[in-house]
Amino acid sequence: MKFGVVVFPGSNCDYDTFYVLRDVLEQEAFFLWHKDHDLKRIDCVILPGGFSYGDYLRSGAIAKFSPLMKEVIEFASKGGLILGICNGFQILTELGLLPGAMLRNKNLKFLCQFVTLRVENDKTPFTHKGKRGNVLRIPIAHYEGNYFAPPEIIQELETNNQVVFRYSDAQGRVNEEANVNGSLRNIAGITNKQGNVMGMMPHPERASEALLGSQDGRLIFQSIMESI
Amino acid sequence: MIDRKILEEHNLTLEEYEKIVQLIGREPNITELGIFSLMWSEHCSYKSSKVHLKALPSAGKNVIQGPGENAGIIDIGEGLAVVFKIESHNHPSFIEPFQGAATGVGGILRDIFTMGARPIALLDSLRFGPLSNSRNKAIMEGVVSGISSYGNSVGVPTVGGDVYINECYSLNPLVNVFCLGIVEKEKIFYARAEGEGNPVLYVGAKTGRDGIHGATMASAEFGEDLEEKRPNVQVGDPFKEKLLVEACLEVMAKKLIVGIQDMGAAGLTCSSSEMAAKSGTGIEIDLDLVPQREEGMTPYEIMLSESQERMLIVAKKEKVKEVQQIFAKWDLDAVHIGQVTKGGKLRVKANGQTVVDLPVEAIIGLCPVYERELKRPSYLESAHKLEPIPLPNDYSEALRKLLSSATLASKEWVYRQYDYMVQTNTSLLPGADASVLRIKGKKKALAITLDGNSLYSYLEPREGGKIAVAEACRNLACVGAKPAGVTNCLNFGNPEKPEIMWQFKEVVQGIAEACRAFNIPITGGNVSFYNETEGEPIYPTPVIGVVGILEDVSRTVSRGFKQEGDSIIVIGENKEDLGASEYLKSVLNKEKGFPPQIDLEEEKRIQEFCLEAISLGLIRSAHDVSEGGLAFCVAECCFSNEQKFGCQLELKDELRTDALLFGETQSRIVISTQRESLQKLLDLAKKKKVKAVIIGHTGGKNLVIRHLQKEVVNIPLEEAYQLWKEMLPEVFKIQ
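Those protein sequence lines, which keep their order, are chains W and X.
Just so you know, the first sequence maps onto residues 1 to 228 in the numbering used here.
Just so you know, the second sequence maps onto residues 1001 to 1735 in the numbering used here.
Honestly, the hints are just simulated from the structure, not real lab data.
We treat Cβ as the ideally placed atom computed from N, Cα and C, and that holds for glycine.
Heads up, a few of these hints could be off.
Taking lysine-lysine pairs in the DSSO-like style, the calculated list, with each CA pair at most 27 Å apart, reads [unchecked claim]:
hint	chain 1	residue 1	chain 2	residue 2
1	X	Lys-1342	W	Lys-109
2	X	Lys-1725	W	Lys-106
3	X	Lys-1319	X	Lys-1342
4	X	Lys-1329	W	Lys-2
5	W	Lys-129	W	Lys-35
6	W	Lys-35	X	Lys-1329
7	W	Lys-35	X	Lys-1319
8	X	Lys-1411	W	Lys-106
9	W	Lys-40	X	Lys-1733
10	X	Lys-1411	W	Lys-109
11	W	Lys-2	X	Lys-1733
12	X	Lys-1733	W	Lys-109
13	X	Lys-1329	W	Lys-64
A partial selection of chain W residues facing chain X, derived with a Cβ cut-off under 10 Å [said to hold, decoys possible]:
hint	residue
14	Glu-26
15	Glu-28
16	Gly-195
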């Protein structure tokens, strides 16, 4: 399995993701410079976390103009696997590859903490190693992660089973208290209609080693590894 | 013409001006005067502190770089070194909390990556006035968001630090920022301008009028003209900084440059003259070539600007193009603005004219050094007199007050605004005795902590200095790390006042004594004087940062109890030490008495015992007893683990109950251990000649303490936890 991690000038989880793929999971992994035009025949594109262009305007708003994004859109249209983590999720919504947008967290502060997520759909290439109802412990770290979309889009996401993760308590109960950032319907991660593009606010690369407090994030990478 | 008024505006005395004239053999022009005012400011020259700082031990087998460079460097073995330093950004953070704190982070990051190291951790030591005052609250909120906004964006985790609340910081907050980077030993870089004819490159952000006189501002007290000083604070751009980090590390790794220095305090002036001074060379620059953000800037303004995210590079002559290509890749300009010259002069041209022509030695090396008058402060006598303290009626209630006091309450509200996990090295998260960072691919890890109780230093400066070092080292011992190097940030009032200078001298002596006892070097730091607003100085506030090494990261110990039925043990001796305690301050509203005294030899034994017990796997949790005393320490142990545990304690010391529960006797650690290890642990304590007393066990849903067979504290754990956890969120709740 060949992974490509896109590097924008302000990416800062690029190396963390690369490290998990190459050193922890022993996969082939490459960095893809945002100014390039070549996806180097990879099997899965990862848009990592960070502040792609400083995100002074709106997270991910400028990243969508990076040259490589044209290839990324084409890759998606051909059914290639794309995972956007945190800022990567924000960029995917700006690119139009995923619906909706991110508002500021409901408490208007940056939030860094472990959260628990309930797996809502285990039929995606990103989650098939898990089971619906599994609870994963994975950290978040963002200021704008409060998922928003108009009611008809939310309805569509629900009808098509596109919601992959929801913020829940440790027992898997999805409630207002578990909804750390105020996302509609506790949404923490979604796919596109075809199921080959996923965005999620939590950072699975920060939860892939026992030393760091959780290995639940591996489920996502391992699902991708076994999806082809 | 230079007159008295101009000198005053530049914070220079008449004697200093006369010395300048004598050194350069003529009257300086206004730009040159501006340069002297910056480089001879207290902030840049350490002219009042130098004579005392000599007392600090800076040598050691593992020291690669001691004081005098951008940051200190310690060898950590396996070909690696750590580069670290702490610096204050107090004055700007008062005037404009968000940008002041943000640019404090930016500045210290540049000090670290300038030496070729990738920054891997930030910590902050923050001091604010009482949060019942809306101004103090706004300052704290602004400072925390500023740190969060800058550090998070640049992608360096903010992994720890401390926060104290005291009236003395009302209108004079302290923001001390620590950064640590890691570098392969042979890839360390220095600020040098070597090789005559080598090109001088300007990289990073354009120069604007922001921050002019920042260093001078940090060298004076604040009066009523606060609002006018707002334009002196710079504005940070963490995205640009991130680009600079990557581009600079790349040109350094490819060995394309000779030297590099950041333009921090005193901007272009400081970076150019310091690099030349360190190499015995000169520098010539043309200001017309300096990228400018505003039109019509004068040479004076360009030389004195403190615009952020700028660096000065001396490149290898034949590598300029390659350097410029790398910067272009990161969308940055690298502009050739001058060259290294012979003869030790700083020459600056503008519009074809020479506007500055000064010997760098005069700017850097020949600044006057003051041995200022010292006087033991008169407040000490009355402050030491502690009137009889009545015993409280209800100890549970006293503990509740401590749990929800601003200094002791959980700081989660602060640190969860920081990205403390980026770079995926943080193996012990904030809210611990020390932060632990693994080193990818290695067994060993780094531990870092900041510490400094100013109430101790106010009441007994020398003891305060000693305790700050001892407690920081104890924090490291509690996670299983051995101290390797120290950096310090010394925050004081106006050094021209003999009482302040006396406090300074005493604190430095105390720090020196403790460092010698622990045999650890101080590799650098920062002095911040003039922390006074309208004549009121802060308490003397030494902040000590200690970096330690854990030989085996998998043996890291944290402070939370881990299992029901584990034995709880106090290492060290309980004594009657109520003076200067958080209990007196928060519960009885007294900041008085003598702080606890410390026996450094005993302290060393305790720490060595703790380290050995951890390496043998005999300890499940360890937490040092500090502010709040034994009862508060145990409470934190109860709810620091994800799964919380109550406890039952039975104390038998013949001491006043209040002193036993809340006194702050030094050299104590509360540990917990499983039954099987108990005997081994007690044997080890005997062997190491430390006192170890079993005081109870974990279990139940309450925090219960009995003293001489009488129940004195009984609080449901969940209630204690909520008081402690919700204090800050409650204060900052969006109305």
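Under the criterion that the straight-line Cα-Cα distance not exceed 27 Å, is the pair Lys-40/W, Lys-1733/X satisfied?
Violated. Lys-40/W to Lys-1733/X sits at ~50 Å, over the 27 Å cutoff.
Verify the interface restraint on Glu-28/W: the C-beta must sit less than 10 Å from at least one C-beta of chain X.
violated (19 Å)
Restraint outcome when Gly-195/W is required to lie within 10 Å of chain X by C-beta distance:
violated (28 Å)
Within 27 Å, alpha carbon to alpha carbon, are Lys-2/W and Lys-1733/X?
violated (47 Å)
Take a quick look at whether Lys-1319/X and Lys-1342/X sit within 27 Å of each other, Cα to Cα.
Holds, at roughly 21 Å.
Would you check the hint for Lys-1733/X and Lys-109/W, treating anything up to 27 Å between C-alpha atoms as holding?
holds (12 Å)
27 Å Cα cutoff - pair Lys-1329/X, Lys-64/W:
holds (18 Å)
Tell me if the straight-line CA distance from Lys-35/W to Lys-1319/X falls inside 27 Å.
holds (24 Å)
Take a quick look at whether Lys-1411/X and Lys-106/W sit within 27 Å of each other, Cα to Cα.
Within the cut-off at roughly 20 Å; holds.
Against the 27 Å threshold, does the CA-CA distance of Lys-1411/X and Lys-109/W hold or violate the hint?
It holds: about 15 Å lies between the C-alpha atoms, which stays within 27 Å.
Given the proposed pairing of Lys-35/W with Lys-1329/X, does the C-alpha separation stay at or below 27 Å?
Answer holds: Lys-35/W to Lys-1329/X is near 9 Å, not above 27 Å.
Pairwise hint evaluation, Lys-35/W against Lys-129/W, where the allowed Cα distance is 27 Å at most:
With Cα atoms ~34 Å apart, Lys-129/W and Lys-35/W exceed 27 Å; violated.
This entry does not satisfy hints 1, 5, 9, 11, 14, 15, 16, going by the numbered hints stated previously.
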